[in-house]
Amino acid sequence: MNSTKLDRRITILNWTAVATMIINLAVVFLYAPPEKLMGNVQRIFYFHVGAAWVGAVAFFVALVAGILYLRKPDRKYDTIALASVEIGLIFLSMATVAGSVWGKPAWNTWWLWSPRLTMITVAWLTYAAYFMLRGAIEDEEKRGRFAAVYVIVAFLTIILTFLSVRLMRDIHPVLVGGMADSAKGAEQGLQEFEDGLATKMIISLNISVINFSVLFTAWLFNRIRLQHLNESVTALKMRLSNR
Amino acid sequence: MKPTTSSFFSTAWTIAWKDLQIEKHTRQIMSVMVMFSLVTVVMFNFALETNLDAARNVATGLLWATILLAGTLGLNRTMAVERENQAMDTLLMAPINRNAIYAGKVLSTTIFTLALELILVLLFIVFFNKPLWRPPVLLILFLGTIGYVAAGVLIASMSIQTRARDVLLPVLLLPLSLPLVLPAAMATAAYMFPQQPLFAEVQTPIMLIMLYDALMLTAGFTTYHYIVES
Amino acid sequence: MIKIEGLTKNYGTNPVLRGVNLHLQTGEFVTLVGNNGAGKTTLLRIIATLLSPTAGQVSVGGWALPKQSARVRQHLGMVSHQALLYGDLTAGENLTFFARLYELDNAEKRVERALKTVGLFARKRDTVASFSRGMVQRLTIARATLHEPEVLLLDEPYTGLDQDASHLLDDLLRRESENGRTILMITHDLTHGLNLCDRTVILNRGKIAYEVDSQSITPSQFLKIYTNHTRKK
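Residue numbers (the working numbering), protein chains in the order written: chain F, 86 to 328; chain C, 35 to 264; chain S, 439 to 671.
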């Protein structure tokens, strides 16, 4: 493995991520105007959306890597899938916490069983279980295969959950009326972009999403490199013990 | 000899027949699932402080929760049968389509789960006085079971091959079945009033259940051989 | 009947088989011995179409593995130290199940005949769980040969058998060999079955270390050779 080349690329990526993060912080705190109703606390929304975006992208990357692994069981796909789910789960957690902090002033509660939050909960549980599955399999090749199948089924689950929460609240207003209200609340954040100071906010949001995408890429490569190092240590240990 | 469609179905049925035969001798799966369900229902009654009104309000949700939880026990057992004595190896060495094995396991587990549901429906009618014995409700139960078992057999075939064996199945399977419970419980609840709902009202949840069935069966048939072959 | 050339199998980065070459003529009975971890089971599972090789050529009856596994399967029978049977089914049901899986004609007659051959016809309606180890092993052989396979694979078949059961197994295996089946047996136990086979092969650390015509050597000579070839360096 030409690790020096890989290292150099990662270093560049890391510094790019740091730079975009600084720009993003400056934009969010200095350039973006304060929201008229909620004030400064609304600024967390930029990070919330960025993190949620990364979560979605990461799970999609994991899905693609899973499918590729089943077609050709190359260990690198398994590593990408693992790294993506790990990062996706962390960003999803960050998005949830950030959303919760934002939700307190917006909805006057930390948590609601709104469609979106229901979906996040299902996604979180589904992908957290991914690690339980991996942890229970010793054989590397089998672990990769099972994890790939699971990641595909998990993605289906998220799509189905999305459809369920989206379609059903329309037809059962009595049963899910509470949900519809809260969903409106969640969209408030975006609706407010559309009037008044919209342009500046949308620019900030886009910068935030770009920044988080760079951050995700950097994390992904760092995580892959870590996995390579991990594997070479294991291989060295094996050689030592076989002596 | 090329595997034909008719031999696919007859093989699937042979595998299901074998599971039913085993069950006829041991009665293990049904007794465990029924006892577990019974205990769960009674436990919920106690937990709700024998407040029958409260219990009635959550009865449909409780019905689905019980089915899914008891279902994991049944799934674990039907998979363990193939693990014991490494019987699975003989299935894999036989000149049969791998998907026929999957179909056979889905078939037998569906039969067990449907039998459990019949018992549960009667139980819920007696305990919670709910009008569950209605053709649309039974249809919803049937449709929901297919999707659940389709995902369940796939996941259980994996979990049974891990170090954690049977404890892993609920952790993996229950989150995956949430998008099924959501519409299923809602559609069932719509039928719990003296007046039956219009089809338009339950159309969406029923479509969602069928979509879940279709997607999980597709996932099962396309990935099952990755799980049993190495 | 079985041709193996340059067979390699890795588990992750860990090589288990490193270039195995082995040929079995039709009707030949070969015993493969080796210590634990030599790769015997892996080799057998590859021939049994249960594992895919990492590299190298394997063919059974002219069909290449793993590509033509589906064709090879109907010509394979396997007897292992695991019963490979359903404990909660009766002896008859077990055999009927396999007859149906292999889509055999005259299933009922075949099952009956197979049970008689291994002396279990009287226990047809008893569940396998109630059988002794020796009876289970006899039923396993009945199951493995029900579809008249050309190749019989044996994975430590003597494990857990007492003296009488071992002798019975000897007789059954000798008969299967005389019926013209190609037999490959793997074992780590040098005391059983060596006198039955035509050729003995030593597998050590994923490689064939030694091959000998079984009739041309005495057990004590073989033991010496075996110890020499499998000694840890």
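Don't take every hint at face value.
[What the hints assert, rightly or not] Derived DEER-like restraints, expressed as beta-carbon distance ranges: (1) Val-149(F) <-> Thr-39(C): 26 to 34 angstroms; (2) Ile-95(F) <-> Phe-176(C): 51 to 59 angstroms; (3) Arg-197(C) <-> Thr-656(S): 50 to 58 angstroms; (4) Arg-197(C) <-> Ser-317(F): 20 to 28 angstroms; (5) Ser-40(C) <-> Gln-659(S): 50 to 58 angstroms; (6) Gln-495(S) <-> Ala-104(F): 52 to 60 angstroms; (7) Asn-459(S) <-> Glu-225(F): 21 to 29 angstroms; (8) Ala-99(C) <-> Ser-317(F): 42 to 50 angstroms; (9) Thr-39(C) <-> Val-650(S): 30 to 38 angstroms; (10) Asp-651(S) <-> Ser-65(C): 55 to 63 angstroms; (11) Ser-490(S) <-> Thr-39(C): 47 to 55 angstroms.
These aren't lab readings, by the way, just hints derived from the structure by calculation.
Remember, it's a predicted structure, so these values are computed and weren't measured experimentally.
We put the CB at the ideal spot given by N, CA and C, even for glycine.
Results for each hint:
no.	hint	result
1	Val-149(F) <-> Thr-39(C): 26 to 34 angstroms	holds, 33 angstroms
2	Ile-95(F) <-> Phe-176(C): 51 to 59 angstroms	holds, 53 angstroms
3	Arg-197(C) <-> Thr-656(S): 50 to 58 angstroms	violated, 45 angstroms
4	Arg-197(C) <-> Ser-317(F): 20 to 28 angstroms	holds, 25 angstroms
5	Ser-40(C) <-> Gln-659(S): 50 to 58 angstroms	holds, 57 angstroms
6	Gln-495(S) <-> Ala-104(F): 52 to 60 angstroms	holds, 55 angstroms
7	Asn-459(S) <-> Glu-225(F): 21 to 29 angstroms	holds, 27 angstroms
8	Ala-99(C) <-> Ser-317(F): 42 to 50 angstroms	holds, 47 angstroms
9	Thr-39(C) <-> Val-650(S): 30 to 38 angstroms	violated, 50 angstroms
10	Asp-651(S) <-> Ser-65(C): 55 to 63 angstroms	holds, 57 angstroms
11	Ser-490(S) <-> Thr-39(C): 47 to 55 angstroms	violated, 27 angstroms
Taken one by one, the earlier hints fail for this structure at numbers 3, 9 and 11, listed in ascending order.
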